[in-house]
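Novice: Chains as they are written, first to last, in my numbering: chain V, 273 to 494; chain B, 23 to 381.
Hints are computed from structural coordinates only; laboratory data are not their basis. Hints should not be assumed to be uniformly reliable.
Stated by the list, open to error - Beta-carbon label-pair distances, calculated as ranges:
(1) B:Gly164 / V:Pro446: 29 to 39 Å
(2) V:Trp321 / B:Arg189: 51 to 61 Å
(3) V:Pro441 / B:Gly316: 56 to 66 Å
(4) B:Asp184 / V:Arg396: 15 to 25 Å
(5) V:Lys467 / B:Asp184: 43 to 53 Å
(6) B:Lys246 / V:Arg293: 50 to 60 Å
(7) V:Arg396 / B:Asp115: 53 to 63 Å
(8) V:Arg304 / B:Asp240: 22 to 32 Å
(9) B:Asp184 / V:Arg304: 49 to 59 Å
(10) B:Arg165 / V:Trp321: 54 to 64 Å
(11) B:Arg209 / V:Asn419: 48 to 58 Å
(12) V:Arg396 / B:Arg357: 29 to 39 Å
(13) V:Pro274 / B:Arg202: 26 to 36 Å
(14) B:Arg165 / V:Ser421: 37 to 47 Å
Claimed, not checked - Computed list of lysine to any residue pairs in SDA-like fashion (alpha-carbon distance at most 25 Å, straight line):
(15) B:Lys206 / V:Leu457
(16) B:Lys287 / B:Asp248
(17) V:Lys334 / B:Arg209
(18) V:Lys353 / V:Ala290
(19) B:Lys206 / V:Glu420
(20) V:Lys353 / B:Leu168
(21) B:Lys287 / B:Arg313
(22) V:Lys353 / B:Asp212
(23) B:Lys206 / V:Glu374
(24) V:Lys353 / B:Thr207
(25) B:Lys343 / V:Glu369
(26) V:Lys280 / V:Thr330
(27) B:Lys206 / V:Ala290
Said to hold, decoys possible - Every beta carbon over 12 Å from chain V, so not counted as near; a handful from chain B, in silico:
(28) Ala192
(29) Glu285
(30) Asp317
(31) Asp341
Glycine included, each C-beta is placed from N, C-alpha and C at the ideal position.
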Amino acid sequence: MPPISELKVVDGLKLSAAARRVLRPAELVRGRDGFTRRLPRWFYEVPSWEVALETTLTPHFKLWEFIDIDFREHRMLRAEKQRYVPLAVTLLAAAMEAFRQEVNTYVHISANGGYRSPAHELSRFASVHCWGIAAHLYRVGDDWLDNESNIRRYAEVACGVFPAFRALPYGAGPGKTEDHLHLDLGYVTVVPHEKADEEPDEDAQPLPGGIAKPKQSGKKGE
Amino acid sequence: MRECGSAEVRDPHPPASKARTDALTHLRTPALPLPPALAPILQGGPLLTRTIGTPGGSLTHDGRMSSSKKDDEKKKARTETDPLREEVRAIADKAGAGRVAVAYHDYQTGTSWSYQGDQWFHAASTIKVPVLLGVFRAVEDGRLTLMARVHVRNLFTSAAEDGSTFRVAANRDANAEVPRNIGKTMRVEDLALHMITTSSNLATNLLVDAVGVEAIADTLSKLKLDKGVRFRRGVEDDAAHAAGINNECTADGMLEVLRTIEERKAFSKESSQQMLDILHRQQFRSAIPGRLPGDVRVANKTGEISTVAHDAGIVYPPDRKPYALVVLTEWEASRTGGRSDTIARISLAVFRRLTGRKD
Numbered sequence: 273m274p275p276i277s278e279l280k281v282v283d284g285l286k287l288s289a290a291a292r293r294v295l296r297p298a299e300l301v302r303g304r305d306g307f308t309r310r311l312p313r314w315f316y317e318v319p320s321w322e323v324a325l326e327t328t329l330t331p332h333f334k335l336w337e338f339i340d341i342d343f344r345e346h347r348m349l350r351a352e353k354q355r356y357v358p359l360a361v362t363l364l365a366a367a368m369e370a371f372r373q374e375v376n377t378y379v380h381i382s383a384n385g386g387y388r389s390p391a392h393e394l395s396r397f398a399s400v401h402c403w404g405i406a407a408h409l410y411r412v413g414d415d416w417l418d419n420e421s422n423i424r425r426y427a428e429v430a431c432g433v434f435p436a437f438r439a440l441p442y443g444a445g446p447g448k449t450e451d452h453l454h455l456d457l458g459y460v461t462v463v464p465h466e467k468a469d470e471e472p473d474e475d476a477q478p479l480p481g482g483i484a485k486p487k488q489s490g491k492k493g494e
Numbered sequence: 023m024r025e026c027g028s029a030e031v032r033d034p035h036p037p038a039s040k041a042r043t044d045a046l047t048h049l050r051t052p053a054l055p056l057p058p059a060l061a062p063i064l065q066g067g068p069l070l071t072r073t074i075g076t077p078g079g080s081l082t083h084d085g086r087m088s089s090s091k092k093d094d095e096k097k098k099a100r101t102e103t104d105p106l107r108e109e110v111r112a113i114a115d116k117a118g119a120g121r122v123a124v125a126y127h128d129y130q131t132g133t134s135w136s137y138q139g140d141q142w143f144h145a146a147s148t149i150k151v152p153v154l155l156g157v158f159r160a161v162e163d164g165r166l167t168l169m170a171r172v173h174v175r176n177l178f179t180s181a182a183e184d185g186s187t188f189r190v191a192a193n194r195d196a197n198a199e200v201p202r203n204i205g206k207t208m209r210v211e212d213l214a215l216h217m218i219t220t221s222s223n224l225a226t227n228l229l230v231d232a233v234g235v236e237a238i239a240d241t242l243s244k245l246k247l248d249k250g251v252r253f254r255r256g257v258e259d260d261a262a263h264a265a266g267i268n269n270e271c272t273a274d275g276m277l278e279v280l281r282t283i284e285e286r287k288a289f290s291k292e293s294s295q296q297m298l299d300i301l302h303r304q305q306f307r308s309a310i311p312g313r314l315p316g317d318v319r320v321a322n323k324t325g326e327i328s329t330v331a332h333d334a335g336i337v338y339p340p341d342r343k344p345y346a347l348v349v350l351t352e353w354e355a356s357r358t359g360g361r362s363d364t365i366a367r368i369s370l371a372v373f374r375r376l377t378g379r380k381d
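Isolated chain V, as found in the complex (with noise of 0.2 Å):
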């Protein structure tokens, strides 16, 4: 059972074209509130989805969970052996072993719950799932969280023991869940050491005991 830390980390604006046109890390998009925020640059590769099965994020929770994916999925990314998730995965494996450790039975992250590429037929209005840090559950333990009363129970616990959670109130329509609770910690990224989130710009001005003039790391998409 490897460490997520053993998979490979790669700058999605390094990816084949194909790629980044399906994944479009660091692009900026725009929200259904109408609000502008930059998608993830910086993914694990994760080789296969035996892989996947096998790579342990937290102790309840493995890789697979939060990149479970149906045929809505763009078809390269269900085609490929390789598959890519934001490296912020593993802030929400953190937060959802909290929530699991506070219920203290099975808690099942959906197929499409977890991590869905911008190009997912369910990403429309940049769904925060392309962050990778949202995670819809359906059931947790043998209670199904398809009524108020549970969904409401249940976001209470998440965002006890987790307060960076947001849980969508139950109801029908936009920005709310009514067969399923929705929790996410926001829009974060998570940028690794000795790497730029960021291309080179002279206007940058250093923070005192930093770095007077950035590197110049080469041209964007090589």
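Start from chain V and add chain B according to the hints.
Specialist: Frame of chain V, contents of chain B only:
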């Protein structure tokens, strides 16, 4: 209208009058010599190619009938002596069915026959066979694969214009496997199997969602099946039902759906065989197969809601070519017993007529 056994009664098709019932018997041109069992129907006259027996023509001024009227009367007389027609009517009357429609196509003789074959009924779960066609069309067009995984969830958008959502009621689905997978994924081929063999409404709506209502309707249209089958929505969509948006079929129309599969023309042989294999694994066997001898194989799909009970299947007697058969029945909602057996008795009557067997 609640599907799968609800007691709620909302019937868009009131039972037809008996006169109307009597008026619609079809017999179409056979491509092969008729078996002895069919001879009484056809003795001494031309083969019929249109609806007969409806009042057509009128008395002339001298009291003699016009030639067209006389032809109609002759045909009507032949039709009224059709023992199968009489037997179907007797079975239906004895059981208290409101309406009955029957259609078959016999591959042994090339003969098609129907009784009230153009009457429209709520399709109930027989609509799942046309949905199966839509799924396999999507597969053949490369829009889906049988191995593709579908997220199982129980929340669907109504076909009604209000855009409301609905769920499949757990107590109305005979299948437990699909609901158990809510939140997970299931393969298209497994959902198709559950949709047909245990009539899973949840599997059906997931497939309708995956393929699309318009794409399924388009498949039926391109196959020229839309004259006898109207596909407009998933199942258990009460808001759509209240808005008059329903899936409907005629016996003749559903017969053409079965023929599309059996004759392996509109789809690849592989797809056609896969669809037949799924229909052969049907678990609901009390209607068309119910009273047939044990050596007869049947690939069928039943359908039942509060006011209708149907079965559509392809019957494979040994040592003989198969025949496709559709039996549609309509009932008062309070009359819940004996529906399947009524279809089984009609099925047996058809079987005896076509095979000459009395066992």
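Novice: Is the distance from the Cβ of arginine 396 of chain V to the Cβ of aspartate 115 of chain B consistent with 53 to 63 Å?
Specialist: 56 Å, holds
Novice: CA of lysine 334 of chain V to CA of arginine 209 of chain B, is that 25 Å or under?
Specialist: 22 Å, holds
Novice: Over 12 Å to the closest beta carbon of chain V is the bar; see if glutamate 285 of chain B clears it.
Specialist: 30 Å, holds
Novice: Do proline 274 of chain V and arginine 202 of chain B keep their Cβ atoms within the hinted range of 26 to 36 Å?
Specialist: At 31 Å between Cβs, range holds.
Novice: Sort out whether aspartate 212 of chain B lies within 25 Å of lysine 353 of chain V, counting only the CA atoms.
Specialist: 23 Å, holds
Novice: Are the Cα positions of lysine 353 of chain V and alanine 290 of chain V separated by 25 Å at most?
Specialist: Holds, at about 14 Å.
Novice: Run the distance test for lysine 353 of chain V versus leucine 168 of chain B: straight-line Cα separation, threshold 25 Å.
Specialist: 19 Å, holds
Novice: Given the hint of 37 to 47 Å, check if arginine 165 of chain B and serine 421 of chain V actually sit that far apart at their C-beta atoms.
Specialist: Since arginine 165 of chain B and serine 421 of chain V have Cβ atoms about 39 Å apart, the given range 37 to 47 Å holds.
Novice: Given the hint of 56 to 66 Å, is the C-beta distance from proline 441 of chain V to glycine 316 of chain B inside that range or not?
Specialist: 58 Å, holds
Novice: For aspartate 341 of chain B, which was marked as not at the interface, is the minimum beta-carbon distance to chain V over 12 Å?
Specialist: 44 Å, holds
Novice: 15 to 25 Å was suggested as the range; check whether the CB atoms of aspartate 184 of chain B and arginine 396 of chain V agree with it.
Specialist: 21 Å, holds
Novice: Run the distance test for lysine 287 of chain B versus arginine 313 of chain B: straight-line Cα separation, threshold 25 Å.
Specialist: 31 Å, violated
The earlier numbered hints that this structure contradicts are 2, 6, 9, 10, 11, 12, 21, 25, 27, 28.
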